[in-house]
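There are 2 protein chains.
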Amino acid sequence: MRAILAKRFMRLPHPTLSRKREREKNKRERRKTHYHLRMDNPQTAFLFDLDGTLVDSVYQHVLAWQEALESEGIPLSVWRIHRKIGMSGGLMTNILLRESGHEIDAARGERLRRMHAESYNRRSKAIRPLPGARALVAHLTEARIPWAIATSGRMETARPVLETLGVDFDRVPIVTRDEVRYAKPDPDLFIAAAKKLGVGIETSTVVGDSVWDMLAARRARALGIGLLSGGYASEELERAGAYRVFEDPADMLRHIDEIGGRR
Amino acid sequence: MRAILAKRFMRLPHPTLSRKREREKNKRERRKTHYHLRMDNPQTAFLFDLDGTLVDSVYQHVLAWQEALESEGIPLSVWRIHRKIGMSGGLMTNILLRESGHEIDAARGERLRRMHAESYNRRSKAIRPLPGARALVAHLTEARIPWAIATSGRMETARPVLETLGVDFDRVPIVTRDEVRYAKPDPDLFIAAAKKLGVGIETSTVVGDSVWDMLAARRARALGIGLLSGGYASEELERAGAYRVFEDPADMLRHIDEIGGRR
Numbered sequence: 001m002r003a004i005l006a007k008r009f010m011r012l013p014h015p016t017l018s019r020k021r022e023r024e025k026n027k028r029e030r031r032k033t034h035y036h037l038r039m040d041n042p043q044t045a046f047l048f049d050l051d052g053t054l055v056d057s058v059y060q061h062v063l064a065w066q067e068a069l070e071s072e073g074i075p076l077s078v079w080r081i082h083r084k085i086g087m088s089g090g091l092m093t094n095i096l097l098r099e100s101g102h103e104i105d106a107a108r109g110e111r112l113r114r115m116h117a118e119s120y121n122r123r124s125k126a127i128r129p130l131p132g133a134r135a136l137v138a139h140l141t142e143a144r145i146p147w148a149i150a151t152s153g154r155m156e157t158a159r160p161v162l163e164t165l166g167v168d169f170d171r172v173p174i175v176t177r178d179e180v181r182y183a184k185p186d187p188d189l190f191i192a193a194a195k196k197l198g199v200g201i202e203t204s205t206v207v208g209d210s211v212w213d214m215l216a217a218r219r220a221r222a223l224g225i226g227l228l229s230g231g232y233a234s235e236e237l238e239r240a241g242a243y244r245v246f247e248d249p250a251d252m253l254r255h256i257d258e259i260g261g262r263r
Numbered sequence: 001m002r003a004i005l006a007k008r009f010m011r012l013p014h015p016t017l018s019r020k021r022e023r024e025k026n027k028r029e030r031r032k033t034h035y036h037l038r039m040d041n042p043q044t045a046f047l048f049d050l051d052g053t054l055v056d057s058v059y060q061h062v063l064a065w066q067e068a069l070e071s072e073g074i075p076l077s078v079w080r081i082h083r084k085i086g087m088s089g090g091l092m093t094n095i096l097l098r099e100s101g102h103e104i105d106a107a108r109g110e111r112l113r114r115m116h117a118e119s120y121n122r123r124s125k126a127i128r129p130l131p132g133a134r135a136l137v138a139h140l141t142e143a144r145i146p147w148a149i150a151t152s153g154r155m156e157t158a159r160p161v162l163e164t165l166g167v168d169f170d171r172v173p174i175v176t177r178d179e180v181r182y183a184k185p186d187p188d189l190f191i192a193a194a195k196k197l198g199v200g201i202e203t204s205t206v207v208g209d210s211v212w213d214m215l216a217a218r219r220a221r222a223l224g225i226g227l228l229s230g231g232y233a234s235e236e237l238e239r240a241g242a243y244r245v246f247e248d249p250a251d252m253l254r255h256i257d258e259i260g261g262r263r
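Protein sequences appear in the order of chains S and G. Throughout the first sequence, residue numbering follows my numbering, covering 1 to 263 in sequence. Throughout the second sequence, residue numbering follows my numbering, covering 1 to 263 in sequence.
Don't read these hints as lab results, they were simulated from the structure. Some clues are possibly wrong.
[Said to hold, decoys possible] With a straight-line Cα cutoff of 25 angstroms, these simulated DMTMM-like cross-link-like pairs (lysine to aspartate or glutamate) come out:
(1) 125(S) / 72(G)
(2) 125(G) / 118(S)
(3) 125(S) / 247(G)
(4) 125(S) / 118(G)
(5) 125(S) / 70(G)
(6) 125(G) / 72(S)
(7) 125(G) / 67(S)
(8) 125(G) / 247(G)
(9) 196(G) / 168(G)
(10) 196(S) / 168(S)
(11) 125(G) / 70(S)
[To be verified] What the simulated footprint calls covered on chain S by chain G, stretch by stretch (three residues with Cβ under 8 angstroms from a Cβ of chain G suffice, anywhere in the stretch; the number is not a length):
(12) 75-87
(13) 123-135
For glycine and all other residues, C-beta sits at the position ideal for the given N, C-alpha and C.
Produce the entire structure from the sequences given, and follow the hints as far as they go.
What follows is the structure in structure tokens.
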């Protein structure tokens with residue numbers, strides 16, 4: 001066994017193989033080794049949701065969706081919209097329409113999307129980064145811990161808040177709903193973010209405020225950390241699979257050593 | 001024992017007492033009997049919170065408080081305000097100021113109250129009764145089950161939403177923050193509402209959307225029913241003492257026979 005491991009890591013030439021076959025064998029070994037090394041040395045990478053996780057924008061999104069739905073003659077209670085926030089906008093409107101017995105059609109979906117973006121942008125000047133958000137990502141950058149942002153929102157609504165957060169668009173991988181086929185609770189956004197970082201999703205930790213982030217994390221086989229700053233309760237996040245819950249980015253930074261955030 | 005009970009309920013003249021002493025004794029007995037009868041025949045009365053319970057106004061209150069606090073140079077995350085909504089406005093601002101290390105003074109408190117009312121009234125035209133709210137109170141009225149409204153808000157902000165609800169101000173007892181010394185989570189509002197109805201608080205059921213309603217109910221020795229329509233989670237309400245949780249007034253009406261709402 002020790003001999004096999006030694007061979008795998010040292011890539012010694014095999015005495016009985018030809019040069020070409022040897023190269024191919026080494027390639028196969030490297031592939032296997034890569035996988036094993038990743039699990040043997042699981043340095044954590046953090047994949048952040050945006051709204052409610054790094055910026056305080058959930059309540060504005062909720063009221064903007066309510067306004068959009070009402071303009072289509074669909075009156076819905078605000079709390080029901082709040083409980084669906086964080087998932088794909090298209091999926092959310094489909095679910096809300098189905099639950100309230102309204103018809104789903106593509107043109108209406110498109111009108112809702114535009115109306116929401118317009119109403120949200122009108123409200124977005126009041127939006128601030130959450131306490132500790134900038135300090136948390138600055139800590140990770142300084143400690144050379146990989147991090148990225150993955151949001152169910154579109155770049156159209158995400159850009160202004162990313163700017164208030166001071167994110168360097170050239171250096172931080174950002175995945176928006178425009179780039180993947182399915183948004184949360186599907187795992188695609190987080191998988192794409194891990195790929196952009198060049199890290200394994202199975203050694204990544206998703207940080208989000210909604211149950212949809214936690215479900216997407218589980219489907220991607222990542223870990224999930226829940227933040228209360230989107231207005232969900234601790235029990236909701238834990239039930240959806242969060243392995244740890246903090247109040248907001250400031251509280252997460254205070255506990256960073258508990259969750260793989262050391263240098 | 002049976003003889004004592006028979007005497008108490010039938011009020012037979014006592015053979016050895018004079019007429020006057022007999023009358024006094026009967027009066028004392030009646031007082032005692034009144035208490036016992038109330039516990040023996042506990043017809044439920046319902047004491048409703050207003051915001052988030054009968055009308056869909058919590059998120060507007062939350063953002064109005066955020067705007068008021070920000071105008072005083074106190075930036076607070078929206079979810080933290082949401083978690084305090086439903087308690088006395090004065091108590092809430094004191095708690096939020098203390099938690100965020102700001103100074104509490106009466107003049108600032110008064111400015112915050114005025115600023116909140118102004119900002120809230122600007123947002124209040126979008127506010128609607130919650131699904132089933134009108135049908136629920138109409139059912140109770142028809143079934144001759146006593147009900148009243150007790151809100152931590154002031155009449156200044158409560159009146160417009162009471163009007164959208166179609167409440168008959170001459171017939172429905174309404175207790176606002178203006179009428180009691182301490183609002184929720186103190187029990188005074190619900191005790192005053194029960195008194196206005198002429199029912200015992202210990203046979204009343206408080207219906208509210210926030211943990212502060214549930215805590216006030218327990219302090220008043222009433223029962224508490226939690227509604228999710230204010231945006232709190234089921235577990236938060238149950239942990240604060242709710243003996244039953246429903247989605248909204250429509251859902252409560254569907255289950256009215258489970259909670260003493262029969263004719």
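Legend entry - Hinted pair residue 196(S) and residue 168(S), Cα distance within 25 angstroms: holds (15 angstroms)
Inset, instruction - Below or equal to 25 angstroms on CA atoms is what counts here, so check residue 125(G) against residue 67(S). - result: holds (12 angstroms)
Inset, instruction - Verify the proposed pairing of residue 125(G) with residue 247(G), using a straight-line Cα cut of 25 angstroms. - result: holds (24 angstroms)
Legend entry - Per-stretch coverage check for the region 75-87 of chain S, three Cβ contacts closer than 8 angstroms to chain G: holds (count 5)
Inset, instruction - Given the hint that residue 125(S) pairs with residue 70(G), test it: the Cα-Cα distance must not exceed 25 angstroms. - result: holds (13 angstroms)
Legend entry - Given pair status - residue 70(S), residue 125(G), alpha carbons within 25 angstroms: OK: residue 125(G) and residue 70(S) at ~13 angstroms, within 25 angstroms.
Inset, instruction - Compare the distance between the alpha carbons of residue 125(G) and residue 72(S) with 25 angstroms, and conclude whether the hinted pair is satisfied. - result: With Cα atoms ~18 angstroms apart, residue 125(G) and residue 72(S) stay inside 25 angstroms; holds.
Legend entry - Proximity test - 8 angstroms, beta-carbon atoms, the region 123-135 of chain S to chain G, at least three hits: Since three or more residues must qualify, the claim that chain G covers the region 123-135 of chain S holds, with 4 doing so at under 8 angstroms.
Inset, instruction - For the pair we were handed, residue 125(G) and residue 118(S), check the Cα-Cα distance against 25 angstroms. - result: holds (19 angstroms)
Inset, instruction - Would you check the hint for residue 125(S) and residue 72(G), treating anything up to 25 angstroms between C-alpha atoms as holding? - result: This hinted pair holds, its Cα atoms lying about 18 angstroms apart.
Legend entry - Pair hint residue 125(S) and residue 118(G), alpha-carbon separation not exceeding 25 angstroms: Roughly 19 angstroms between the alpha carbons, so the hint for residue 125(S) and residue 118(G) holds.
Legend entry - Satisfaction of hint between residue 247(G) and residue 125(S), Cα-Cα up to 25 angstroms: violated (32 angstroms)
Consistency note: the structure conflicts with earlier hint 3 alone.
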